[in-house]
Amino acid sequence: MTSSQKLSIGPLLFHWTPERRRDFYFRMADEAPVDSVHLGEVVCSKRSPFFDPMIPEVAERLQKAGKEVVLSTLALVTSEREMEALAGAADAGLMVEVNDVAGIPALNGQPFVVGPYVNLFNEDTLKVFAGLGAVRACLHVEASAQMAALLSKAKGDMELEMMVFGRLPLTVSARCYHARAHGLAKDSCQYVCGLDADGKPVDTLDGQNILIVNGTETMSHGYVELAAKLPELREIGIGRMRLMPQDADMVAVASLWRNALDGKISPDETGSRLRELCPDVPFVDGYWQGREGLAWSGDEAE
Amino acid sequence: MNEPYLELVCPAGTPAALRAAVDAGADTVYCGFRDETNARNFPGLNFDRREMKEGIAYAHAKGRKVLIAINTFPKAGNAQPWHRAVDDAHSLGADAIILADIGLLDYAHRTHPGQRLHLSVQAAASNASAIAFYRDRFDVKRVVLPRVLTVDEIAKLTREIGVETEVFAFGGLCVMAEGRCALSSYLTGTSPNSQGACAPASHVRYDEEGGKLLSRLGGITINSFEKNEPAGYPTPCKGRFVADGKTSYLFEDPVSLNTIDILPQLKAAGVKALKIEGRQRGKAYVAEVVGTFRKAIDQLAGGHGGAVGAGALSQHSEGGRQTTGAYKKSWR
Chain A
205 MTSSQKLSIG
215 PLLFHWTPER
225 RRDFYFRMAD
235 EAPVDSVHLG
245 EVVCSKRSPF
255 FDPMIPEVAE
265 RLQKAGKEVV
275 LSTLALVTSE
285 REMEALAGAA
295 DAGLMVEVND
305 VAGIPALNGQ
315 PFVVGPYVNL
325 FNEDTLKVFA
335 GLGAVRACLH
345 VEASAQMAAL
355 LSKAKGDMEL
365 EMMVFGRLPL
375 TVSARCYHAR
385 AHGLAKDSCQ
395 YVCGLDADGK
405 PVDTLDGQNI
415 LIVNGTETMS
425 HGYVELAAKL
435 PELREIGIGR
445 MRLMPQDADM
455 VAVASLWRNA
465 LDGKISPDET
475 GSRLRELCPD
485 VPFVDGYWQG
495 REGLAWSGDE
505 AE
Chain B
3 MNEPYLELVC
13 PAGTPAALRA
23 AVDAGADTVY
33 CGFRDETNAR
43 NFPGLNFDRR
53 EMKEGIAYAH
63 AKGRKVLIAI
73 NTFPKAGNAQ
83 PWHRAVDDAH
93 SLGADAIILA
103 DIGLLDYAHR
113 THPGQRLHLS
123 VQAAASNASA
133 IAFYRDRFDV
143 KRVVLPRVLT
153 VDEIAKLTRE
163 IGVETEVFAF
173 GGLCVMAEGR
183 CALSSYLTGT
193 SPNSQGACAP
203 ASHVRYDEEG
213 GKLLSRLGGI
223 TINSFEKNEP
233 AGYPTPCKGR
243 FVADGKTSYL
253 FEDPVSLNTI
263 DILPQLKAAG
273 VKALKIEGRQ
283 RGKAYVAEVV
293 GTFRKAIDQL
303 AGGHGGAVGA
313 GALSQHSEGG
323 RQTTGAYKKS
333 WR
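Note that the protein sequences, when read in sequence, are chains A and B.
This note's numbering puts the first residue of the first sequence at 205, with every later residue one more than the last.
This note's numbering puts the first residue of the second sequence at 3, with every later residue one more than the last.
None of these hints come from the bench; they were simulated from the model.
Accuracy of the hints is not assured; some may be wrong.
Claimed, not checked - Derived pair list, reagent style DSS-like, types lysine-lysine, alpha-carbon separation capped at 27 Å:
hint: 1; chain 1: B; residue 1: Lys-269; chain 2: B; residue 2: Lys-64
hint: 2; chain 1: B; residue 1: Lys-331; chain 2: B; residue 2: Lys-274
hint: 3; chain 1: B; residue 1: Lys-143; chain 2: A; residue 2: Lys-331
hint: 4; chain 1: B; residue 1: Lys-331; chain 2: A; residue 2: Lys-250
hint: 5; chain 1: A; residue 1: Lys-468; chain 2: A; residue 2: Lys-271
hint: 6; chain 1: B; residue 1: Lys-143; chain 2: B; residue 2: Lys-158
hint: 7; chain 1: B; residue 1: Lys-229; chain 2: B; residue 2: Lys-248
hint: 8; chain 1: B; residue 1: Lys-330; chain 2: B; residue 2: Lys-269
hint: 9; chain 1: B; residue 1: Lys-67; chain 2: B; residue 2: Lys-269
hint: 10; chain 1: A; residue 1: Lys-250; chain 2: B; residue 2: Lys-158
hint: 11; chain 1: A; residue 1: Lys-250; chain 2: B; residue 2: Lys-330
hint: 12; chain 1: B; residue 1: Lys-285; chain 2: B; residue 2: Lys-67
With the rest of the complex left out, here is chain B (with noise of 0.2 Å):
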C-alpha cells in the first residue's frame, strides 16, 4: 500500500517558535508578514522580512519549509500591501505562499508562474468543483479544507480533486465555514476577512459585576464567569447565549480539536499534510504539540498507530476539552 507520507505543518508566530517548531519536528512552518496581510494580525505577532528571511534560511538549512501565508482579502482601494507582500515572499523564497482572495491567486500566478501556490482555508473550498475552480484557473497545489468535512467526505474530495489535501489536526476550533464568517466584525467593525483578526484584542474587556467576571467584545457581553470559573477569551461563536430561554454554548463548547486518534483515518482518506493551529501561541506550547504530532506521526509509519493517545495534549485545550468536530458527522 503506497500511502502519502504525513506532512507535519506547524504554526509560527514568532522567529523563536519557527526554530522551536523546526527543532520539535515539524515539517513544515507557516507563518505571516507584520500585518493586516495574514489571518493572524495580533499585536507583537508575525515577522518582518528580515525575520522572514532568516526564519526560511533556519528551516532551509535542516531540510525543512516554510509556508507564508497571505490568506486576508485585500481592501478595495488598496491592493498594494497584498501585492507586496506575494512578491516578497516569492524573492524570499517561500516554500509556497497560502492565499485565499480570487484576485491575490489570480495576481500570483500572472506575476510569479512558477510559485507554488496552496489554497487556504480562508477560501472556504468545501467541494470537489470549488477545488477544481482553483487548480484550473491559478494552478494551486494543495488546498487547506475548511473544518466543516466528516473523514468520508475528505477522502472522496481527495480521491477526486487530484491536489494535495491539508486538514487541521490540533488547536482552536472554527465552527463556522473559515473565512465566511461575519460575527466578530458584526460587533467590532473589525473584519477577519480583510484586517486578519477575528475578536481583536482591542475590542476585549474583563468587566467585575456581581460578584461575576464579564468577557465583552465590542461592549457585548459574550460569557459570564463563576470566581473559580477559568475565563475563556471572548470569540463570539464560544460565548454563552439565551435562546428560548435556555442559557448555552449555544454555537460551540470551550473545546479544542485534537485528532491524534483520528491519525490513521485521515492518513487512508489520503490527506497530504496535518496542520497545527496557534500562531498566536508561545514557543513551549508550540514545542510541545509538534513534538507530540511527531510522535504520533512517526508511530504511524512504523505501523504503531494509536500508541500516543489523545490525552497527551489534554492539558493545551480549551477547558481541559478535545473534540474532533466536524471529521465525526455526529458533531453536526
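In isolation and in its complexed conformation, chain A is listed as follows (with noise of 0.2 Å):
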C-alpha cells in the first residue's frame, strides 16, 4: 500500500554553513523518500547571502530527484531589503510559501502555500486565504487536532499539511536573542548562531530545558512527534506531514515516516524507533491534544 499523504521537508531554521547545508539538500535529493522540499531563509536575513548563492544549485538536484522545491520566506519583514527578498522570491519560478502576510500582495495572484507563522486560526481567514491563491496551508503550530478537523471541512481544494517532527517556532522578534547571549547586538551578531547547529538550549532556574533560542526566534525545546497521530492526521485530511530540519539523521527520519504512512510500520514502532534517532531530546505533543504546547500523550502510556 503506498499512501496518499505526501512528506516534506521543512525550512532548515538554523544557520548551518553553506557547505553543510548543501551537503543536507544533497542528501535529501538523493536518499530521502519525500515529495517536497523547502529552501530559503526564514529566520534571519542577515544570513540569507551565504546559502542563497546555492540555491540554483541545490534546486536543480532536488528537482532532477522529482521533488518539488518549495521556496519559504522570511517570517518577519521589516526592511526594505526584506521587500526585495521576496519579490525575488516570487520571480524565482519555484512554489513560494508565505510566512508574512507582505507575501501575498509580492506574488501578484501567483499559487502559494501559507506558512505556519501567518496566524490562520478559523475557517473564514482559510477562505479568505483561498480566495487569494493559497493552494496549500501549514497548519499554525497551536493547531489542536479539533482545529485542524474543522479547517479540513472548509479546505476545498486546498491541502493542508502539518509539522509532524522537530523544534515548534514559538516566536519571533525584531532582537537576536542569540546575539544578546553572547553580550552582543543583531547588527554586530558575529553570527553566532551558527555556534549552535540545533540552536541554544535556554534552561530555566531549576535546570529544566524548555525553550531554544535561534537567532531572532523562540523555538520549544522539545521536538514535537506526532507518530502516534498518524491515523487520526489521515482521517481528518491532513494530506501532507511537514518533518522539520533538526541536527540528527534526516534521512532516517524521513525514511521512517514515509514507512509508516505506506503502513510498512505501525504509528507505535514509528515512535519508538525516532526515540533511539533522537534519545537526548523530549518529545511533544501538547498542542495537537489542545493542550499546553510542551505536554507529552506518552508519558501517560509509559
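Both chains are given apart, each in its own frame, so use the hints to dock them into the complex.
Okay, here's the thing in C-alpha cells:
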C-alpha cells in the first residue's frame, strides 16, 4: 500500500554553514523518500547571503530527483532589503511559502503555500487565503486536532499540512536573542547563531530544558512528534506531513515516516524508532491534544 | 510645516478607567468586550454591552472617540462570538473597530462597509506590503505598528502606505512580534492569539522555597526573587533563564516602554496616534499617565517639546526602568 499522504522537509531554521546546508539538501535529493523540500531563509535575512548563491544548484538537484521545491520566505519582514527579497522569491519560478502577509501582494496572484508563521486559526481566514490563490496551508504551531478537523472540512481544494517532527517555532522578534546571550547586538552579531546547529538551549532556573534560542526566533526545546497520531491525521484529512530539519539523521527520520505512511511499520513502532534516533531530546505533542504545547501524551502510556 | 496632530489613544479596562482617561485628556479611548474576543481577556476587566454604550456616550458627549478592540483570532468552528462583537461594536457607535484576523476583517468589511476599521498590532503588519494588503483588501484606515520597528523605519512606512500609523508610546513592552508569540500557550495551553490572555492569572503561582520567592507559570519556573526584591509577574519573556551556564533576563529586563523623550521624532515621522498600553491598569494609573502625555503632547504642539521628561513616569515603570525599545536600533 502506498499512501496518498505526502511528506515534506520544512525550511532549515538553523544557521548551518553553506557547505553543510548544501550537503544536507543533496542528501535529501538523493536519499530521502520525501515529496517536497523547502529552501529559503525564514529566520534572519542577515544569513541569506551565505546560502542564496547555492539555491539554484540545490533546487536543480532536488527537482532532478523528482522533488517539488518550495521557497520559504522570511517570517518577519521589516526592511526594504527584505521586501526586495520577497519580490525576488516571487520571480524564482518555484512554489513560494508565505510566512508574512507581505508575501501575498508580492506574489501578484501566483499560487502559494500559507506558512505556519501566518495567523490562520479559522475557516473564514482559510477561505480568504484560498480566494487569493493559496493551494496549501501548513497549520500554525498551536493547531489542535480539533482545529485541524474543522479547517479540513472547510479546505475545499486546498491541501493541509502539519508539522509532525522537530522543534516548534514559537515566536519571532526584531531582537536577536542569540546575539544577546553572547553580550552582542543584532547589528554586530558575528553570526554566533552558527555555533549551535540545533539552537541554543535556554533552561529554567531549576535546570529544566524548555526553550531554544535560534537567532531572532525562540523555539520549543522538545521536538514535536506526532507519529502516534498518524491514523488521526489521516482521518482528519491532513494531506502532507512536515518534518523540520534538526541536527539529527533526517534521512532516517524521513524513511521512518515514509514507511509509516505506507503502512509498512506501525505508528507506535515509528515513535519508538524516532526515540532511538533522538535519544536526548524530549518529545512534545500538547498542542495537538489541545493542551499546553510542551505536554507529551506518551507520558501517560509510560 | 504641516505635521499631523498627535492623537492620544488611551486604555480603558473598566468604565471607571474610561472616564478617568477622558477626564485626563485622552483624545480617544480603546476598550473591549468582556470575553475572549479581545486581547486583554483577564478576570474583572472589560465592558458588557450596556457599559460600552454608556462609555461611548460619556466620551462622545465630551467630543472624544472610542475604539473597540476585537483583536483575537476567532476559533475554528466558533466565529459567532466574534461576529456578534463586530455587529455590536458597529451598532453601539464605535468610532473604529480594531481587528487582527483576516477572516474577521473580511466579515466586518463586507457586513458593515461604512464602518471605520483599524488594524490591530496583533496582526503584526510590519512592512509596506503587508499594510497595503490590509488597506486594499479591507479598507483599513489605520495600522497599529508592532514594536519591532525603528523610528526611521516608521517614518519611511508612514510616507509610503497612505494609511494612518499608531505606535505604542508607554507601558508594558512586548519584545516579540505581537500576535505571533506562542511562548505563553506553550507553557499554559491558553493562547493569547485566540483566548486573549498572555500568562493568564489562573496559571500563575508564587512559591517560597529556600528563602526565595519563585514565580511560576503553568508549573514552569519563570523567576526567583530575593527577600527584598520586588517580585515581577511571570510573563515568559520577562523571566530569568540560564543559557551557557549564565543566568540572565535573556529576552528582556523588567522595564517599561516610555517614548516621552522621543515624541518630537515620532511626530516628525508622521505618526498619527500614540497608544498608551495598560487596559489591566487601575484608573489612578490611567489618569496619571494620560495626564502626563497630554501635557507633553500639548507642549510639543506649542513648540515646547521636551519639557516633560521621561522621569515624570518612572514610578509607573516596571522595576523603575524605562526603554525606548525597538524605536532605537541599538535595542536589537
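Practice problem: Just pull the numbers of the violated hints for me, sorted ascending. | Solution: Violated: none.
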